[in-house]
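2 protein chains.
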Amino acid sequence: MLIVQKYGGTSVANIDRIKAVADRVAKTVQQGNQVVVVVSAMAGETDKLIDLAHQVNPSPGEREMDLLLSSGERVTSALTAMAIQALGHKAIALTGRQMGIITDKVHTKAKIEKIYGDRAKKALEEGYVVVVAGFQGIAEDDEDVTTLGRGGSDLTAVAIAWALNADLCEIYTDVEGVFTTDPNIVPEARKLEKISYEEMLELASSGAKVLQTRSVEFAMKYNVPLVVRSSFTDRPGTLVCKEDTDMEKVMVSGVAYDKNQVKITILGVPDKPGIAARLFKTIADANIVVDMIVQNISSDGKSTDISFTVPKTDKEKAVKISEELSNDLGAQGVLVDDNISKVSIVGVGMKTHSGVAARMFETLANHGINIMMISTSEIKVSCVIQDKYTELAVRALHEAFELDKAA
Amino acid sequence: MLIVQKYGGTSVANIDRIKAVADRVAKTVQQGNQVVVVVSAMAGETDKLIDLAHQVNPSPGEREMDLLLSSGERVTSALTAMAIQALGHKAIALTGRQMGIITDKVHTKAKIEKIYGDRAKKALEEGYVVVVAGFQGIAEDDEDVTTLGRGGSDLTAVAIAWALNADLCEIYTDVEGVFTTDPNIVPEARKLEKISYEEMLELASSGAKVLQTRSVEFAMKYNVPLVVRSSFTDRPGTLVCKEDTDMEKVMVSGVAYDKNQVKITILGVPDKPGIAARLFKTIADANIVVDMIVQNISSDGKSTDISFTVPKTDKEKAVKISEELSNDLGAQGVLVDDNISKVSIVGVGMKTHSGVAARMFETLANHGINIMMISTSEIKVSCVIQDKYTELAVRALHEAFELDKAA
Numbered sequence: 001m002l003i004v005q006k007y008g009g010t011s012v013a014n015i016d017r018i019k020a021v022a023d024r025v026a027k028t029v030q031q032g033n034q035v036v037v038v039v040s041a042m043a044g045e046t047d048k049l050i051d052l053a054h055q056v057n058p059s060p061g062e063r064e065m066d067l068l069l070s071s072g073e074r075v076t077s078a079l080t081a082m083a084i085q086a087l088g089h090k091a092i093a094l095t096g097r098q099m100g101i102i103t104d105k106v107h108t109k110a111k112i113e114k115i116y117g118d119r120a121k122k123a124l125e126e127g128y129v130v131v132v133a134g135f136q137g138i139a140e141d142d143e144d145v146t147t148l149g150r151g152g153s154d155l156t157a158v159a160i161a162w163a164l165n166a167d168l169c170e171i172y173t174d175v176e177g178v179f180t181t182d183p184n185i186v187p188e189a190r191k192l193e194k195i196s197y198e199e200m201l202e203l204a205s206s207g208a209k210v211l212q213t214r215s216v217e218f219a220m221k222y223n224v225p226l227v228v229r230s231s232f233t234d235r236p237g238t239l240v241c242k243e244d245t246d247m248e249k250v251m252v253s254g255v256a257y258d259k260n261q262v263k264i265t266i267l268g269v270p271d272k273p274g275i276a277a278r279l280f281k282t283i284a285d286a287n288i289v290v291d292m293i294v295q296n297i298s299s300d301g302k303s304t305d306i307s308f309t310v311p312k313t314d315k316e317k318a319v320k321i322s323e324e325l326s327n328d329l330g331a332q333g334v335l336v337d338d339n340i341s342k343v344s345i346v347g348v349g350m351k352t353h354s355g356v357a358a359r360m361f362e363t364l365a366n367h368g369i370n371i372m373m374i375s376t377s378e379i380k381v382s383c384v385i386q387d388k389y390t391e392l393a394v395r396a397l398h399e400a401f402e403l404d405k406a407a
Numbered sequence: 001m002l003i004v005q006k007y008g009g010t011s012v013a014n015i016d017r018i019k020a021v022a023d024r025v026a027k028t029v030q031q032g033n034q035v036v037v038v039v040s041a042m043a044g045e046t047d048k049l050i051d052l053a054h055q056v057n058p059s060p061g062e063r064e065m066d067l068l069l070s071s072g073e074r075v076t077s078a079l080t081a082m083a084i085q086a087l088g089h090k091a092i093a094l095t096g097r098q099m100g101i102i103t104d105k106v107h108t109k110a111k112i113e114k115i116y117g118d119r120a121k122k123a124l125e126e127g128y129v130v131v132v133a134g135f136q137g138i139a140e141d142d143e144d145v146t147t148l149g150r151g152g153s154d155l156t157a158v159a160i161a162w163a164l165n166a167d168l169c170e171i172y173t174d175v176e177g178v179f180t181t182d183p184n185i186v187p188e189a190r191k192l193e194k195i196s197y198e199e200m201l202e203l204a205s206s207g208a209k210v211l212q213t214r215s216v217e218f219a220m221k222y223n224v225p226l227v228v229r230s231s232f233t234d235r236p237g238t239l240v241c242k243e244d245t246d247m248e249k250v251m252v253s254g255v256a257y258d259k260n261q262v263k264i265t266i267l268g269v270p271d272k273p274g275i276a277a278r279l280f281k282t283i284a285d286a287n288i289v290v291d292m293i294v295q296n297i298s299s300d301g302k303s304t305d306i307s308f309t310v311p312k313t314d315k316e317k318a319v320k321i322s323e324e325l326s327n328d329l330g331a332q333g334v335l336v337d338d339n340i341s342k343v344s345i346v347g348v349g350m351k352t353h354s355g356v357a358a359r360m361f362e363t364l365a366n367h368g369i370n371i372m373m374i375s376t377s378e379i380k381v382s383c384v385i386q387d388k389y390t391e392l393a394v395r396a397l398h399e400a401f402e403l404d405k406a407a
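Chains as they are written, first to last, in this note's numbering: chain A, 1 to 407; chain B, 1 to 407.
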């Protein structure tokens, strides 16, 4: 088998952890497999570099930011290859460029456009373990280093698994798999044996940090079999795969929350066609991903309030754009609410069960939690609430949908 | 003017130092110059990475070592470019690859073969300050990252100054220039206003740490005007340039010492032609630079002792080679002496003054210092002595040649 193993920051946090990764890789090789390893930066390293950058420049150039941030993964790829060599196996470390990962030019949030992978294929044939620096690629035209955004190493791993036609992509992290919710909040949270791509995608985009959203999208699109498991134990993890008949029996698979959003409201916008389109196009052009949108038409029918949520990291840019637009349109101003969180329930079973959303709203109401925004998909219901109620809401929903009990 | 400014590890040791570098660069730009900045890794960073490497693998692969070590300069190049941007100037950070620095494939000690520099030229024309990650290049055939060895950023700077036909190459460090000897040992040591390439080369290869030997060779070969100065003050430094008539008046320009060598002796080697050639070819093939060599023919004319010195970092490899050769040749064994140092006097005036070497030997003898090996060049005399006498010897020689007095 050709296996891609991705190790996150906590799995390569120090020399002992890197040696443990090398042991696991060596074991996988000894079982007769070819292995491509994708590594993140050592835990805390990326944040340290971001902090240094902001100390020299409050708004550092994104091209230079990518050059800076990509160094963390280069360090771990070299160290991990050395650790595997120390166990008597052949290992070669490849940067994003050497792996042939080609991206667009959107620095700090680049998208993978293609993967050449010739050098990796040749090295695998020659019996090498290939260790790839995650999170990075190069822009095709100028060969500048790009990075793939937070959690980008997951995407690196999934995309390489696809490009090399790997049999399995294992995502090693510090938790044992995908849980019904965050076990730090609900001790009864249960590890799922498997979960569909769709549900995983909704959980990830709803704030579950176990996998990066884009990597799940990619895996779903190309049907890359994914296992999420812990690098600290030998227990089996959670298989993320296509939906099957088993899964439909479960109404709700998990409860997720996201405290990293901020709610922006433009008040008293004249109610004319094209306003929302203009606002959200401007925001999209600034590469900000808007999550939820609510528009209330006022009673007089002449003005409207538009609320939306964006990641906290994009708050400054989004507020600036909103204020400019508010001025241009003669709206009444911009409100920003930092103290919100989003709580979501996810499950493929919702497709065939009615009343799931209603039960969620009722559960929150019973605990005196006010719902500020609602958004739904075929397999998800999300509510924005005051952030102080997050843990209470997650616990209440986990209990209401009996997630502690195996299906 | 086009000026190349190289900032060493202590000059970019922390955020405040990087900001100070940005200030100096901005000032140079405001005076109407184009500037290329070459930066080292933050002080201590390279040693930290080497330590990590040896923790995962006692003899890490050199290809991976280069990938690892090159990351330190990438970090400072990005941060320095950001700091210059923060002052309102355009700045672009370039890696060794993006600067077009092509080297041979000798990992950890690569030699520069050519520099393309197209991207840097274009950026300079567009009004950018170009910030280059020092110490690194890429091997032409496989595009693997290579590093240029200790102090390699000096070489990067000089080579770029040559490739871009710069008017001046400034080497910024934590000392104010080239001194008659180490001021830590001799408080009366005097800063030289200028010094010839030849003398600088002999001083550097004799242990003076202010400039890397290969960078001086390169500057001499291509006549690149070099200034060594401090990034902590605004005082003028030392100009390193072609020998002129002024300089010949001085007999000795400086006293250098080197405690980083080890002496290896192969005892009782059968005295046949070709033995020394075989030994030193094998050592050269292992990319070890031998400094001094002494061969004593024994009284019976049948065997000989061969002594030579190598850098301490190469001790293990050199001893292994020597022991193998000793066995092959039926020699009597190998002696290793760690406790040596080399003390040298350097000066272009030696060419025209006799008795300089004699005065050196006499001075050492007067202080009871035994000379173990001697080597001379046209403008240098070096003596290997017991390392405990190093400071005493340096002080005595500085005084004997009256180096505290301006010429």
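In short, the hints are calculated from the structure, not lab data. Beta carbons: idealized from backbone N, C-alpha and C, even for Gly. Among the clues, some could well be false.
What the hints assert, rightly or not - A few chain B residues that don't get close to chain A, going by computed Cβ distances all over 10 Å:
#, residue
1, Ala13
2, Lys19
3, Thr80
4, Glu143
5, Asp144
6, Leu239
7, Gln386
8, Asp387
Unchecked claim - Covered stretches of chain B, going by a simulated chain A footprint (3 or more residues, C-beta under 8 Å):
#, segment
9, 73–79
10, 82–91
11, 213–221
Original post:
Which of the numbered hints above does this structure break?
Top reply: Of the numbered hints given earlier, those the structure breaks are 2, 3, 4, 5, 11, listed in rising order.
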